[in-house]
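Asker: In case you want the letters, here they are:
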Amino acid sequence: MQQNMLEVSNLTTTFTSRKSTFNAVDGISFHVEKGETLGIVGESGCGKSVTSLSIMGLVKPPGKVSGKHIRFDGDGIDLLHLDQKEMRKLRGNEIAMIFQEPMTSLNPVYRIGNQIGETLKIHKKIKGIEQKDKVVELLKLVGIPRPDEIFYSYPHQLSGGMRQRVMIAMAMACDPKLIIADEPTTALDVTIQAQILELIKELQEQKGMSMILITHDLGVVSEVCDRVLVMYAGKIVESGPVKQILQNPQHPYTKGLLASLPRKGESHKRLSYIPGQVPAPKNWPKGCRFSDRCPYVMDQCYVSLPPLFPISEDQHAACWLVKEEGREADVKHETVR
Amino acid sequence: MLSMKPSDDYVLEVENLKKYFPIKKGVFSKEVGSIKAVDGISFGVKRGETLGIVGESGCGKSTMARLVIRLLEATDGSIKLQGKELTTLPSKEMRSTRKDIQMIFQDPYASLNPRWTIERTLLEPMKVYKIGTPRDRKEKVADLLNKVGLDPSYAKRHPHEFSGGQRQRIGIARALVLNPKLIIADEPVSALDISVQAQVINLMQDLQELYNLTYVFITHDLSVVEHISDRIAVMYLGKVVEMADKAQLFSDPLHPYTIALMSAAPEVNAKQKKERIVLKGDVPSPANPPSGCTFHTRCPSCMDVCKVKIPALKEVSPGRSVACHLY
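Chains as they are written, first to last, in UniProt numbering: chain F, 1 to 337; chain V, 1 to 327.
Note that these hints are calculated values from the structure, not bench results. Yeah, the Cβ is synthetic: ideal placement off N, Cα and C, and Gly gets one too. Be careful, since some hints might not be right.
A few chain F residues facing chain V, derived, Cβ under 8 Å [to be verified]:
#, residue
1, 191
2, 192
3, 195
4, 216
5, 222
6, 223
7, 226
8, 256
9, 260
10, 270
11, 271
12, 272
13, 273
14, 307
Kindly generate the complete structure, drawing on both the sequences and the hints.
Answerer: Pasting the structure below:
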């Protein structure tokens, strides 16, 4: 059996305020295989970023992470039950993260070289000239021109695309086994986005890392990922291989999302859309969380939350329709006003 | 130059529009150079049509929008709204003309007064221009809220009580209050989630049909611009590099930048893996643009002539122009 790089079981992240308690991520389970890229898509507020922060142990109080386990690299380590010190050893070393806005995650008053070097110093105890050589090598690896000069630059002297390359170099510094990229190209222009996606794909093939790519852009998912999870209101609503999900989506939410994309050659037609908006956690419907926007809603949907049902060996969807109709729930998506 | 016959058909005609921002240095703010944010662009928008403007950040598309409504003063060039020259209009007259051009912004939360109710926000323009009686105005507000798909009872609420999509609907209603001749929408759906984005695009198209509106639609998203526009202008570093009917542009893009832009956009249903052109490097700084064709530093089909001579925007077939030495 192939070993999984990451196995998340029943992950729940709870935030408490004075007035209320809600689960931003509500009991989700998934795994990432070795060398695989897993995409997590969803609209704002669906819990995709909180999922990544929970895995990294970066959820700050009053947030609280609970669950069964988060197994990393075989069955050796359970991230959920590590203390801060042990977690710090892993973070940036074996698991690295790339964030959306490189300007806010780079320190504006330190030179690029020092910032990348710090990771090497802390985790690998590499110092001095050896460290500089390694950093320059990393900058070369991510395709930064004149790495010897850029080594001494400050973040504000670089363009957005360059800064994101620096972030990637930093993430790659310790040859991590798993990279979590949270919207790595959202802040970039399309031509720069194409460069960065190409770079990420290349590096991953070269190094055989596993990756979790969090994005709201289905186009990016289709180009980069092997498998994808679709999240809605803190739950996984559909999961499976990218091709299958994009060509034959089963959950009404995934269908609606795909249908609302403007398509080539079909312009000036009305776009189909999902009525209403993503509910806030305190307004989540009692049954299926998509029930108040779903065009196929049934009585059952208002009462109980559907678990993930298998559609095929590797595709799952959390919808009563899927269970009802057995394997195929091939109803055409139509817009309802 | 574009062959543009001045006719009443055009709501907006822009010719050779330029905006140079001075770069000042030192104690005496000596001018040491300029940023050519918009560098000689010309286009026309016909009544009832949607002109899409695409380009990456820093290409001058938002500056262009601000020039047209004269939130910024143009360095050179002419802007005509229904034949009336705007650049030389005294500011008092400009203020009364401005009601004919309205803008929809990217972030509606930043453009709505958080301390005002929606009703007050929508009433204000009519008060300023002394349109109708108080009762007429209130009716108009209720009617508009209905038209943009909001319940008129929401009128007493404040902006923070709405979601992003609803706020953009309010932004659209605000733009419509004065029955403008031209609406400039600057990235109106970029901040919205996909499912909500589709709702707002549909709404804008419905309203266009209903009121025969004319849009200038600025965006960086090619799929959105393809969906909503009749004609499209592609901008790069302050210049229009290609302009064509939507169908023409997407079936047969001419300028190397347009081609690269289209191939760079990730697609959901790429049946066959397309050959992707990945452009090298970044957009150069507009303070120090490359010589000749500003795109030559990144162009995959760059020739010697491109490095010295600036290509003019010339018409290659009716209604279709491109600024490239290849054509």
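Asker: Which of the listed hints are broken here?
Answerer: 7, 14
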